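A.B. asks: Below, each chain spelled out in residue letters.
4 protein chains.
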Amino acid sequence: MGCGYWGPKLIRSFYELSGVKVVSLCDVSPARLNAMRLKFPGVGLTTNFRDVLRDSTIDAVVIATPISTHYSLARQALRAGKHVLVEKPLTGSVKEAASLVQLAAKFKKILMVGHTFIYNPAVQKIGELLKERALGDLHYLDSVRVNLGLYQTDGRNVLWDLAPHDIAIILHWIGKPPVAVSAWGRSYLQNGIEDVAFMRLEFANSVFAHFHMSWLAPAKIRRMTVVGNQKMVLYDDLESAEKIRIADQGAHLDQSSSEMRVNYRMGDIVIPCIKAVEPLAQECAHFVECVLQGRAPETDGENGLEVVRILEAADKSLKKKGALIRV
Amino acid sequence: MGCGYWGPKLIRSFYELSGVKVVSLCDVSPARLNAMRLKFPGVGLTTNFRDVLRDSTIDAVVIATPISTHYSLARQALRAGKHVLVEKPLTGSVKEAASLVQLAAKFKKILMVGHTFIYNPAVQKIGELLKERALGDLHYLDSVRVNLGLYQTDGRNVLWDLAPHDIAIILHWIGKPPVAVSAWGRSYLQNGIEDVAFMRLEFANSVFAHFHMSWLAPAKIRRMTVVGNQKMVLYDDLESAEKIRIADQGAHLDQSSSEMRVNYRMGDIVIPCIKAVEPLAQECAHFVECVLQGRAPETDGENGLEVVRILEAADKSLKKKGALIRV
Amino acid sequence: MGCGYWGPKLIRSFYELSGVKVVSLCDVSPARLNAMRLKFPGVGLTTNFRDVLRDSTIDAVVIATPISTHYSLARQALRAGKHVLVEKPLTGSVKEAASLVQLAAKFKKILMVGHTFIYNPAVQKIGELLKERALGDLHYLDSVRVNLGLYQTDGRNVLWDLAPHDIAIILHWIGKPPVAVSAWGRSYLQNGIEDVAFMRLEFANSVFAHFHMSWLAPAKIRRMTVVGNQKMVLYDDLESAEKIRIADQGAHLDQSSSEMRVNYRMGDIVIPCIKAVEPLAQECAHFVECVLQGRAPETDGENGLEVVRILEAADKSLKKKGALIRV
Amino acid sequence: MGCGYWGPKLIRSFYELSGVKVVSLCDVSPARLNAMRLKFPGVGLTTNFRDVLRDSTIDAVVIATPISTHYSLARQALRAGKHVLVEKPLTGSVKEAASLVQLAAKFKKILMVGHTFIYNPAVQKIGELLKERALGDLHYLDSVRVNLGLYQTDGRNVLWDLAPHDIAIILHWIGKPPVAVSAWGRSYLQNGIEDVAFMRLEFANSVFAHFHMSWLAPAKIRRMTVVGNQKMVLYDDLESAEKIRIADQGAHLDQSSSEMRVNYRMGDIVIPCIKAVEPLAQECAHFVECVLQGRAPETDGENGLEVVRILEAADKSLKKKGALIRV
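For the record, the sequence lines run as chains A, B, C and D. For what it's worth, this note's numbering labels the leading residue of the first sequence as 2, then goes sequentially. For what it's worth, this note's numbering labels the leading residue of the second sequence as 2, then goes sequentially. For what it's worth, this note's numbering labels the leading residue of the third sequence as 2, then goes sequentially. For what it's worth, this note's numbering labels the leading residue of the fourth sequence as 2, then goes sequentially.
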């Protein structure tokens, strides 16, 4: 369901998975559907989602539509007994997300959110480093995710477009939810819709994560920094091969000396060889595997709900000019 | 006065200026003074600042010592009838800075602060672009100034080390003080001394500036972004030749269309050829010129006071976890 | 014909062109054909090229097989009255290439070679700059095209894999064939098959082009330099957006001065905004257009023959350790 | 002797060395000498080289003058009983260089050439890697050393300006002289003076080194590549911190398989932390140490002669349009 910007990428991925048959494509726009005819010959096309729900040969539904429609479409699909993969963010509110999670549990169906970055080998590699405590104690994380233009909006601000990536990644890395959230932004082009925003997640033990997001930036940047007390990692998702750099450097307090109390240590940098796998292909394969084996996905409904909970809190903080919101 | 990290660079610059004689070097540490003997043969050396003040052949004093000593040393120098160039920031408090400004006025002496970046051709070029409104309406500015290790501290946090640069640059570019300041940070190595901080200056007309500062970062970054509604500028001070990139791109609200309301425009990028001048040499020459001609320096005491006013407000906000402070 | 590395990319491109129907895929390997079934459902599959030739609903044949088979396959296709698009290089020898050109003329069919770079907007932009003489007098061109690993080989050396790109681009830019060719290389992994090579084309008026090609390099590089006496261009095909940099700089002989005779001039750099079009899609659309309108393609048989003529001369020079070969 | 472009850098380095006294500066131009007065107060200045030779308090002479004067000046200095450091290249001909080597031996004086790169920690690090055979069998080396403008010329072509660096580095790395040399170039600005050149050194065991040199290039590049069969190194001298990248990758012939015979292996990349030492300061300290201890310098007269021998052969090849010259 949904053949806009992201939909065709999902269709292509499922198309190329063995063991899967793409039965039907659905979109409210006949023009968009028609454009699919060329790319994916032989597939059913419909503007009526009910056709999909009624089709008993269809086991699972993939939803790539504007945020505001996620809840209603996913709800109908779950009720019709379909497994559901919803594009990120799961829904536009905590209430809706919680309701979908309950529904999936009730109907014993897989509910998965398309947090693609969790299926990105670079993100997984940093997750392993953190799990093995290879960076020492984690201090803080920083993310810059800016570019010119919006990818999706549905009348919502830049937080709802770009923060789902950072939140999902950081929840995956840290493994625990933040205790508080703060966000601040400005809207330049559309009244009330922030196109530049900063966001902070505060975790236990002084750990924090800071995000800089913008639809008004001179260059596209996708850069995350992970600072531990023994090693530090730079992750640039726009690099084709060398996405991660692990710097063996740090600082510690020198208790013995009285004057210069902090020592800084510089060491080698390692760029690990990461296998070139397409995250979206991994995500789709994972969904199919979970459906077939009845397993809970990495990015299941609960995970999607957690991301929406933080997004909602951040949006609330944004409206209150950066006030700290407990999560 | 002061032969630590920055002092010798200033000495070298004045040394190579025609029309200037470096009479005497002063430092409390005899070891540091001794190290100067080799580099600057034939220059007087003393550990007693009074020797300098008493020497009637000395017209001007340059102070490159820890922040906490700026006020007392500059005060003595002004009272002894010397012109004074003080390293940034001017002092450690607004009260002290205001007092120095008054003193300089009273004794009719030049009081200048070493905000080097104001003498950097790249900063000046962007200043001209903004003055000519070549970027259209200014939306916002962003600065990332991070590295591993501190340059100066004197028991103060990362704001006092790195923010003076950004504040001085942005005052120069915008020409007006901010209306409010917010800052938030964390201290990892020394209790109560923040080594990572974020700061925001809010100006009139929705313009804001955001700074990310850190002593705990995997790589050195000195990158500023200036976003206007017609053009956008990237300024990377670590680039040797191509410091500035002017992107002829922007976004505007399309009033005619009903569905997709924002249009994004991509255009050429221009990297202007900027003459390779050493900012510190320019700064020292400017000081000498102001002394000789009795002119107010670009970065005079008033300017230094303004920077300290913002720093003090930011530090106050930092202590209050990011509370907005009116300036 | 050919479903190996490059074939599926061509199939996909034709698939997505309106007005074109992909009738049949052919490959000698049933396994490779089977893999196509998933990606391109509903298309005919055959291991017998004769099936294709006999099929009167097929107007044009696309050949993406090892070099040594190009001639025989293209010959059969032309004789069967099909238009033909052959992957680069056209054939493995001048004799074969000339024969195909004659055959295409005789049967009045389109013969086109897949020199994709000619359909690359960055290459076209530089072509326009040269045509308008925007760089002044052309001095020389340099190309570095190195990486780890080979893309195609068919028992031939690195020249036959990588030089077709550079030769085709430079013929397009200069518009005239070189007068002489020299090449030198070394084989490290397979006896007699050079994996590192350097090549030089000498044109009239002291213009030359130098290529560095390697299958044994630590990093992938695709960088071309065009030096004129008024401007210089850097073209990096691996850059996603900023492929071309035009530097307004040069040097000229100062006749007036006696001592320092050469003056160097540095100016701005412009990175033109180039529309993001996929070269392969452009190439396929161009082939279809030429077939429908009976027009000669940009990279027609003559062009492909010219490239092979230079390749053959270069290979001859390589065997003679760099001896200059007249073309 | 010589206060042009490079001289003052040498003077500054010796100035800052403890245990050394800079007694006298000499240059044929009074204007250039005068400019030194400001930078180096208290030092003797003379336009007459004989003053230097006669001064018995002077132990060593440093020569940074045009190439054509090296021989005569160094000869006089050696004969006057001075140790001599000559800028690269040692002389303009093998004959002159050999004569200086003999003279130094006869008078038992240190004769050293300023091949600065040998004192560069990055070059030394790669030398150690090669010595330890950390890259496996060495295949080939490649160097790109291009920029806009010449650094020194003295009426000679780009080979004499830029190749001394590459030759000295590669002799240091390989430890053996090449068996043959080839060079080819073009002159665009001054008749008979090549401003663009390519050069190849052939060593035993199929090892070769290729250099690309130019005074007419859109950007400054200083990049060397070292390819072994087990690891490969990229060395970019313009990088401030990350000069060397060691890629754990390679290719080998797979004897077992019949079809695809070469396997390529990609691995991690390591950027070793190299201490930030100024090569010129190291070079000057090494000269002083050799003088004081009577030790042969790393870059002694013999080494300088070897470099000139290769330069002369390359220049001969250049005149013969690339003909291979035995060394």
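These are computed hints drawn from the structure, not numbers from a lab. Treat the hints with care, since some could be wrong.
All copies of an identical chain are treated as equivalent in the list; a pair is satisfied when it fits inside any one copy or across any two copies.
[Said to hold, decoys possible] Below 20 Å or equal to it, Euclidean Cα-Cα: the simulated DMTMM-like pairs (lysine to aspartate or glutamate) are:
#1 K40 to E303
#2 K221 to D269
#3 K107 to D155
#4 K317 to D60
#5 K276 to D249
#6 K317 to D138
#7 K322 to D52
#8 K221 to D249
#9 K276 to D238
#10 K322 to E299
#11 K221 to E203
As the structure is a computational prediction, the values presented were derived from the model and not from experiment.
A.B. asks: Which hints, by number, does the structure contradict?
C.D. replies: 1, 3, 4, 6, 7, 10 and 11
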